[in-house]
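Student: Residues per chain, in single letters:
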Amino acid sequence: MPELARTPSFLAYVRRDVLLAYRRLGDTVAPLIFFTMVCTLVPLGLSPDPQRLSEIAPGIMWIMALLATLLSIERIFAFDFEDGSLEQLLIAPQLIALPVLAKIVAHWLVTGLPLTLLSPLLAMTLSLPTSAYPAMLLSLAIGSAYLSAVGAVGASLTVSLGRGGLLLPLLVVPLYMPIMIFGTATVFYAVDGLHWSGPLAAMGAMLCAALALCPLAAAAALRVTSA
Amino acid sequence: MCMDVPVPQDYLLSTNELCFERDGRRLFEGINLRLKAGEMVLIEGPNGCGKTTLMRLLTTLLSPTSGALCYRGEPLEKVRYEYLADLLYIGHQSAVKLALSAEENLAWMAASEGIHDPKSVRAALRSMGLGAVYDLPCHQLSAGQVRRVALSRLVLTRAKLWFLDEPLTALDTEGIGLITGRLQEHLDSGGAIVLISHQDLAIGAVRNYDLTKRCA
Numbered sequence: 000m001p002e003l004a005r006t007p008s009f010l011a012y013v014r015r016d017v018l019l020a021y022r023r024l025g026d027t028v029a030p031l032i033f034f035t036m037v038c039t040l041v042p043l044g045l046s047p048d049p050q051r052l053s054e055i056a057p058g059i060m061w062i063m064a065l066l067a068t069l070l071s072i073e074r075i076f077a078f079d080f081e082d083g084s085l086e087q088l089l090i091a092p093q094l095i096a097l098p099v100l101a102k103i104v105a106h107w108l109v110t111g112l113p114l115t116l117l118s119p120l121l122a123m124t125l126s127l128p129t130s131a132y133p134a135m136l137l138s139l140a141i142g143s144a145y146l147s148a149v150g151a152v153g154a155s156l157t158v159s160l161g162r163g164g165l166l167l168p169l170l171v172v173p174l175y176m177p178i179m180i181f182g183t184a185t186v187f188y189a190v191d192g193l194h195w196s197g198p199l200a201a202m203g204a205m206l207c208a209a210l211a212l213c214p215l216a217a218a219a220a221l222r223v224t225s226a
Numbered sequence: 000m001c002m003d004v005p006v007p008q009d010y011l012l013s014t015n016e017l018c019f020e021r022d023g024r025r026l027f028e029g030i031n032l033r034l035k036a037g038e039m040v041l042i043e044g045p046n047g048c049g050k051t052t053l054m055r056l057l058t059t060l061l062s063p064t065s066g067a068l069c070y071r072g073e074p075l076e077k078v079r080y081e082y083l084a085d086l087l088y089i090g091h092q093s094a095v096k097l098a099l100s101a102e103e104n105l106a107w108m109a110a111s112e113g114i115h116d117p118k119s120v121r122a123a124l125r126s127m128g129l130g131a132v133y134d135l136p137c138h139q140l141s142a143g144q145v146r147r148v149a150l151s152r153l154v155l156t157r158a159k160l161w162f163l164d165e166p167l168t169a170l171d172t173e174g175i176g177l178i179t180g181r182l183q184e185h186l187d188s189g190g191a192i193v194l195i196s197h198q199d200l201a202i203g204a205v206r207n208y209d210l211t212k213r214c215a
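Residue numbers (numbering that gives the first Met the number 0), protein chains in the order written: chain A, 0 to 226; chain B, 0 to 215.
Simulated from the structure, these hints should not be mistaken for laboratory data. We treat Cβ as the ideally placed atom computed from N, Cα and C, and that holds for glycine. Warning: the hint list may mix true and false statements.
Ranges of calculated distance between the beta carbons of each label pair, as one might list FRET restraints [stated by the list, open to error]:
{"hint": "1", "chain 1": "A", "residue 1": "Leu10", "chain 2": "B", "residue 2": "Gly72", "range": "33 to 39 Å"}
{"hint": "2", "chain 1": "A", "residue 1": "Leu40", "chain 2": "B", "residue 2": "Asp171", "range": "50 to 56 Å"}
{"hint": "3", "chain 1": "A", "residue 1": "Val223", "chain 2": "B", "residue 2": "Pro45", "range": "27 to 33 Å"}
Among chain A residues calculated to face chain B with C-beta under 10 Å, some are [as the list claims (entries may be wrong)]:
{"hint": "4", "residue": "Leu19"}
{"hint": "5", "residue": "Arg22"}
{"hint": "6", "residue": "Arg51"}
{"hint": "7", "residue": "Phe187"}
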């Protein structure tokens, strides 16, 4: 169908969402500030002892990354639902899964990626051994993309229920558990000096599956919930 | 399957015994709308009788409980893509992003129809009286101006079938005049319009469709 070229490209959708996130900078950086604050509170609240901190650092970083994503994932469709852009998307003559995937990518670019880039700084405050930095960076980069993709499905199911619901975390946190287990395992393996490519590969596989299936699931859910 | 009697191709849109139920309650039934090129249908009825719901059925945002929609005589399942490509819907929520400027908003809406022409976007905004504020973020504009941004799509679009849900809300008399003129132009050039409005419009060929009679 030659007419398919009429609709905006995948990249145009990504650019638009990143631009919108930039215009609402306060909302966009809130999860990052949360992530930073909590990670710096841990040494104050627990103990500044490097030995003890390094034991829990991977777990803390991963839990905080997960919570920071949860804070922001609702917005992936909420604004579009409120201002009617979602309706326009649903009646566009194209596959909806494509713009949904673009929204996931954009969400990762403004949440997961900055969070990953920020993590070495916070790893330092948590006394994570420097040898574990590559494992942590990679596991957070892959893991946060998975969090965005799976979170989008939850957000699409709850979009019409209004803000502030507890339903979204209830829906997605169980789905976040496997990636969290492998994510922290990757970093723990690196801390212990083991080969950490195994759990990281498992995360990669999970991300591939999520990127292939979640846009389809979210698109189908949006058709039902926003009707 | 769509129609018992074959519908001639010149009906852009026709519905056959559309019926819609929500939570087991029948909202309306027996909707038989026919819309030819150059015609405008004004859906009427009191608040809450299902005008917007009918509009959402016609734009495929909702699916009817029973009955069928046809586009140019073909059942919608066959021509869904063509139908959606030929349709323009402006609802209560006007899809204007308040964080973006009027120009960015309209450029995006035009791009979703495959129109990539910054000049015509500017010209469209000027013709809607937004020439002085095109680069301001829309949250600085008044409700009427935001409406005008949304409605400036009407200047650019190539779609034949327009579905407008109370497009005149918040518009001043000059704005209403602009929109009425544009609607008339569209009808004259062979387009068709389905409209919900509580205001009287100075347009010649309006057919009124009273939804109250179809309410269950």
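Student: It remains to establish, for every hint, whether it holds in the given structure.
Tutor: Right, here's what the structure says about each hint:
1. For Leu10(A) and Gly72(B), the hinted distance range of 33 to 39 Å is satisfied, since their beta carbons lie about 38 Å from each other.
2. For Leu40(A) and Asp171(B), the hinted distance range of 50 to 56 Å is satisfied, since their beta carbons lie about 54 Å from each other.
3. Checked against the hint of 27 to 33 Å, the C-beta distance between Val223(A) and Pro45(B) comes to roughly 29 Å, which is consistent with it.
4. At its closest, the beta carbon of Leu19(A) sits 6 Å from a beta carbon of chain B; the interface hint therefore holds under the 10 Å criterion.
5. Because the closest C-beta pair between Arg22(A) and chain B is about 4 Å apart, less than 10 Å, the hint holds.
6. Proximity of Arg51(A) to chain B is violated relative to the hint, the smallest CB-CB distance being about 45 Å (cut-off 10 Å).
7. Interface restraint check: Phe187(A) against chain B, minimum CB-CB distance 41 Å, threshold 10 Å, status violated.
Violated hints for the displayed structure, listed by number in ascending order: 6 and 7.
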